[in-house]
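Visitor: Sequence:
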Amino acid sequence: MKNHIYIFPLSTIFQIAVSFSPSIIPQPDLKQMGSAANGAAVDMDTSTSNGSASVDKGVDFANYFCTYAFLYHQKEMLSDRVRMDAYYNSVFKNKHHFIGKTVLDVGTGSGILAIWSAQAGAKKVYAVEATKMADHARELVKANNLHGIVEVIEGSIEDITLPEKVDVIISEWMGYFLLRESMFDSVICARDRWLKPTGVMYPSHARMWLAPIRSGLSDHKMSDYEGCMDDWHGFVNDTKSYYGVDMSVLTKPFSEEQKKYYLQNSLWNSLHPNQVVGTPTILKEIDCLKVTVEEILKVQAVVSSTIVKEDTRLCGFGGWFDVHFKGREEDPAECEVELTTAPSVDDVTHWGQQVFLLHPPVRVNEKDDIQISFTMSRSEENHRLMKVDLAYQIKLSSDVKSKAKMHRSSSATTFRTSDEYFLNLLPPGKAAKPPPDDDLPVYNPISPNGSKEHYNSSRENTIHLIPLVLLLCGFILWFFSYPIDVLKDNHITM
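Residue numbering for the sequence shown follows the working numbering, beginning at 225 and increasing consecutively.
Pairwise CB distance ranges, derived in the manner of DEER restraints:
#	residue 1	residue 2	range
1	Asn-313	Phe-478	49 to 57 Å
2	Glu-450	Phe-294	34 to 42 Å
3	Arg-417	Lys-533	47 to 55 Å
4	Arg-305	Glu-481	34 to 42 Å
5	Ser-568	Glu-388	39 to 47 Å
6	Thr-385	Glu-605	30 to 38 Å
7	Cys-697	Phe-478	33 to 41 Å
8	Asp-570	Pro-421	35 to 43 Å
Below are the PhoX-like pairs computed for lysine-lysine, each with C-alpha atoms no more than 20 Å apart in a straight line:
#	residue 1	residue 2
9	Lys-389	Lys-348
10	Lys-420	Lys-389
11	Lys-420	Lys-347
12	Lys-389	Lys-514
13	Lys-356	Lys-366
14	Lys-445	Lys-483
15	Lys-476	Lys-445
16	Lys-348	Lys-420
17	Lys-533	Lys-591
18	Lys-484	Lys-445
19	Lys-299	Lys-366
20	Lys-619	Lys-533
21	Lys-619	Lys-591
22	Lys-514	Lys-420
23	Lys-356	Lys-299
These are calculated hints, taken from the structure and not from any lab test. Glycine included, every Cβ here is placed at the ideal spot set by N, Cα and C.
Kindly generate the complete structure, drawing on both the sequences and the hints.
Guide: Below, the structure written as structure tokens:
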């Protein structure tokens, strides 16, 4: 069984590799199924247990931490209303966790969570930040007259020393699709070193989600790929004509390279809820108070989803996460708060969703079942990068099977589709309105002859334009056939 996984060096930071494996879905080893969480390496000078190469602190800082030293990056996160509201409400609606308590903010950034903790009644807050953003955090703390409570410490959580244990650890550690950046390792390190046995974690729980989606992006990415190949063929012809060198031998590897870039690359996107065509399913649940680093090195699950829309398109899968502020069982939150990055009309976050596109899309129907095998592990080259292997099967509903039997001599009910993907995690930005799904060319697995059929609902609109086009062509022919001298006499300039 072939299984290819790629990492494409588009970005040093925002990169996760994804592979869609062949059609047969292997059952995971339940003993190896771990929690999914995001974080930074606990021991950054040693290899991780998943075989990753040793991490150089200087390289890690240059590639990862330095991006958080810029105010524009902090502003982008501080402008995320959903993010801000969730943390603000979790703190101020659960003041009993903060009044008179000692708090540790891991990766404080601008210091906003440390400031809120102090305003909620904490007697002491340690705000740890690995970058020079710590200088700005100190200024902000002082400007808000909290420098007597909040102590900003510049350094990594793995290296610093605190004078006491803490009652609360608060951190905004989540990356794209929860796992990007591997920052949760640092939070676990802080928990194991500094949290009291009776302490609480903010957030306390996290979940990863995956759902079938439809999206006009599939067609657009295919057009980008085809345009790139057209440009390549022109380049090959020009090089042969002008310089006498035949480059056509490189066409195949160039095509494979660009196919990985354009067609096997996941996208950051802000999905509309209507684009989710199947039931969302949980890939992983995490108890932040109990999970270990070893348990989050790999996320492995076999899950199912049911199509909920009639005669629609399966264009890929969308992934997102949510976190919860519940306190702990012995000391629960008075007001539980949820922060979700699920597709939404109004509550859009800077995390967005990760979209894994299919080429071509597949036509599915209501009640069709999709079985998905999902594995995410860390890159051997960079512990902050992730490799994802995803395989899926589509099983037709009984209604569709009966229709298939009417049109096909073979009434196979399971359609297996596979492809190779690698994940590109783009920096966040304002999401563009997705292209209309009705303009997508779609593969219909139950076409009468069993072949690939393409459907485009815009054909009817094109037909309606034919008379107008003919009329325009007639006018152009009449205009240019008019005698030139007549045009001059009527002062018409050509």
